[in-house]
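Chain order of the listed sequences is D and S.
Each residue of the first sequence is one higher than the one before, counting from 69 in the numbering used here.
Each residue of the second sequence is one higher than the one before, counting from 69 in the numbering used here.
Warning: the hint list may mix true and false statements.
Repeated chains share a single entry, so a pair holds when one copy, or any two copies, can fit it.
[Unchecked claim] No farther apart than 20 Å at their CA atoms in a straight line, the calculated lysine to aspartate or glutamate pairs in the DMTMM-like style are these:
1. K499 / E466
2. K145 / D71
3. K145 / E72
4. K160 / E142
Honestly, the hints are just simulated from the structure, not real lab data.
Being a predicted model, the structure only gives us computed values, none of them experimental.
Protein chains: 2
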Amino acid sequence: MSDEIVRYDLPQSAIPTRWYNIQADLPRPLPAVLHPGTHQPVGPDDLAPLFPMALIGQEVSQERFIEIPEEVREIYKLWRPTPLIRARRLEKALDTPAHIYFKYEGVSPSGSHKLNTAVPQAYYNKLEGVQGLTTETGAGQWGTALSIASNFFGLECIVYMVKVSYHQKPYRRAIIQSFGAQVTASPSDTTEAGRRFLAENPESTGSLGMAISEAVEVAAMSGGKYKYALGSVLNHVLMHQTVIGQEALLQLRRAEAYPDVVIGCTGGGSNFAGIAFPFIRNNLNYGNKTRILAVEPAACPSLTRGTYTYDYGDTAGMAPLVKMHTLGANFVPAPLHAGGLRYHGMASIISELYDQQLIEAVAIPQLEVFKGAVEFLRAEGIVPAPEPSHAIAAVIREALAAKEAGEKRVILFNLCGHGHFDMAAYDAYFKGELTDYEYPQEAIDAAMARVPQIGGGES
Amino acid sequence: MSDEIVRYDLPQSAIPTRWYNIQADLPRPLPAVLHPGTHQPVGPDDLAPLFPMALIGQEVSQERFIEIPEEVREIYKLWRPTPLIRARRLEKALDTPAHIYFKYEGVSPSGSHKLNTAVPQAYYNKLEGVQGLTTETGAGQWGTALSIASNFFGLECIVYMVKVSYHQKPYRRAIIQSFGAQVTASPSDTTEAGRRFLAENPESTGSLGMAISEAVEVAAMSGGKYKYALGSVLNHVLMHQTVIGQEALLQLRRAEAYPDVVIGCTGGGSNFAGIAFPFIRNNLNYGNKTRILAVEPAACPSLTRGTYTYDYGDTAGMAPLVKMHTLGANFVPAPLHAGGLRYHGMASIISELYDQQLIEAVAIPQLEVFKGAVEFLRAEGIVPAPEPSHAIAAVIREALAAKEAGEKRVILFNLCGHGHFDMAAYDAYFKGELTDYEYPQEAIDAAMARVPQIGGGES
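Just chain D, same shape as in the assembly (with noise of 0.2 Å):
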């Protein structure tokens, strides 16, 4: 066998002990998070109706590393440390100098990287006696990754599921109750905000913000029973992602690379986090210079086209408010074939790093995106997930201009999921009827001129 080394793999021993916490290492704090009411900030007492103690106090830390447990720790060896791939016939393919290494979240049960986040979420709740967790899921991966963890630690897992997703995408809706979850089509009439979203109007398809709304809901008029789980957005969840980057960190020391740009797609943000925050601390304190790459659709263009100021993270304004790039909470993306990237909203955190210019971001319109994808699958073998095909159409516009300049550049980029449940979208694809979508900036001004006037949108 010729000695081209295509996959660095690591043992066992080398899974992360701890989840690195960039709070610590941000040049200004995070912008406060306000009660949606008071428009004051909120307390761990505010939170606690929602989410375990020990999130909430993840929340906020400023320690730089936390350590995870060991019973997470146990089940992250199901699928943990994931390859890092060297896409040598993808490069071949491009005729390019640039060396293209990614990670492949895909190979974990849930078929993303949503479960590093999933397992600890439940690990805790489980710890602090909560019975059961709800949630909201849209394409499905959030929803299949919390009806695993929830069912290891034995918690009962109510998901709400939008409701054209619940019906356009049955199996994995069957992927998340063959693990014993209860999967409700969202708007449903099982909650105040359902009935009311159905009042208004009862053919209504649903959205991610509306099922947030009914979750959190049911988490909060529990009594403690039941808390909420959100797949990303949130500081904890972020960084809980962050195994990703440190195991990749150290698979590249063995392929004796360093990257001269990381790339991720961002919704709201969770598995750029996992990629890149290790590297961008690399960047803060130790004077490296790679280039941190955000990558989101043009349909749904939070960063790139988006506001930083204060918006609720759900429709019916019952979540906290965030500082963040927004396109404002009503937003209604277009039928995007990326549900998971359908969010108007985008991580505080990389909200923050993108208004000081730590990292760059781009939006990519869908027709590239599949090109991409569908050049990555011939290459490597592998189907993306529509989400990170977003990154990888970025890895191959990287890949030409370095081919272009004559330089050998070290592409890292996180292939966060496979595609298996998005075949429709490629079928679509390959039958002509996807289109692109760009928003009239009237339609994004509209969604704005909803959002809370809060001060702070200046820092």
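Knowing the structure of chain D, use the given hints to seat chain S on it.
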């Protein structure tokens, strides 16, 4: 982290360099393959219209080991070595003293073991100047694997997909197409055989036997432009799968364990051969006493209820006559949710091993299979395909027997693929829509009455 090891990974340098050819160790040679017209033993020239010479050579080789070409091993690196996993959580759930190990082939780009043979088959065809490959697919796993392998070597790929699957599994069709293959629902009007099947029954939903007839015809009539590729049954196909068992031997050595029983599901026999043959070698040559257990569906029990005699591999009687355990080439299996196991016959080698009592076999009904699958996925987080869920059900029987006997038994099984494209089956199971099928003996007798009477059935 506790030092309980869950996964036994190997470095890429441990990818086997040779396939193991069990023909070298069989106590008596395999019965000859006969020409479907003359009933005389076929020679290489008879097979040359369908297969490249290198594979025909492997089909009849008596060499114990055959070197794996470097180009093939290069592609194996994309997913091999596959993990060996100790199912500690399933052991705990079953409260058994047994140690359960499984080899997980679902990490391959095609999601199953099928790619282990698709890659060398495409390679040898490319080497001999073939322009494209024809094949059939039922459940879709083989079509997926061959489309990926053909794409890697720049070969066209023409897939006849059983019509009922073509319509019921549009996402399987889409993934095959995404790698550039041409997919036709079978029976079709593109071949003589297909037109004949349609004339007999315009509403036919197809069968594997019909699809094989169509794919074979296209290759045979192409004047060498296309050759045919089969995903199981043939000797060289089974041999290519032995990378699985060879890796498992190395991994079990790391675990300081050796199996008391090796378990695999059987349709045509290839994943079973892959895990079992290296252990059968140790039984035959080194005095080991590992039990080797083939698990088949009660609805398609070719080993446990079939007859060991000469039969056709396809419905039209165009394929050579092979001595095998068969239910009759005209046997129509029940609409079982394990498409990969719905084949009337069994690989010649496995039939011979069974006839010589070197392996055992058991048939398990569908509901017990899905019950086992759900028990497994809730413990281990991995959704198994319905096919290897037959092996899982047998593993659970063994583990409970070990508990009953108070014995520590080491069980190894092959989890040959994930079930991401089989969620409709799980959905039906949870809805209580699945039933057990057990064929009445008269139906089997009726199908066998149409099998040609050829000497050698007694051996």
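Violated hints, by number in ascending order, as checked against the structure:
Hint 1 alone not satisfied by this model.
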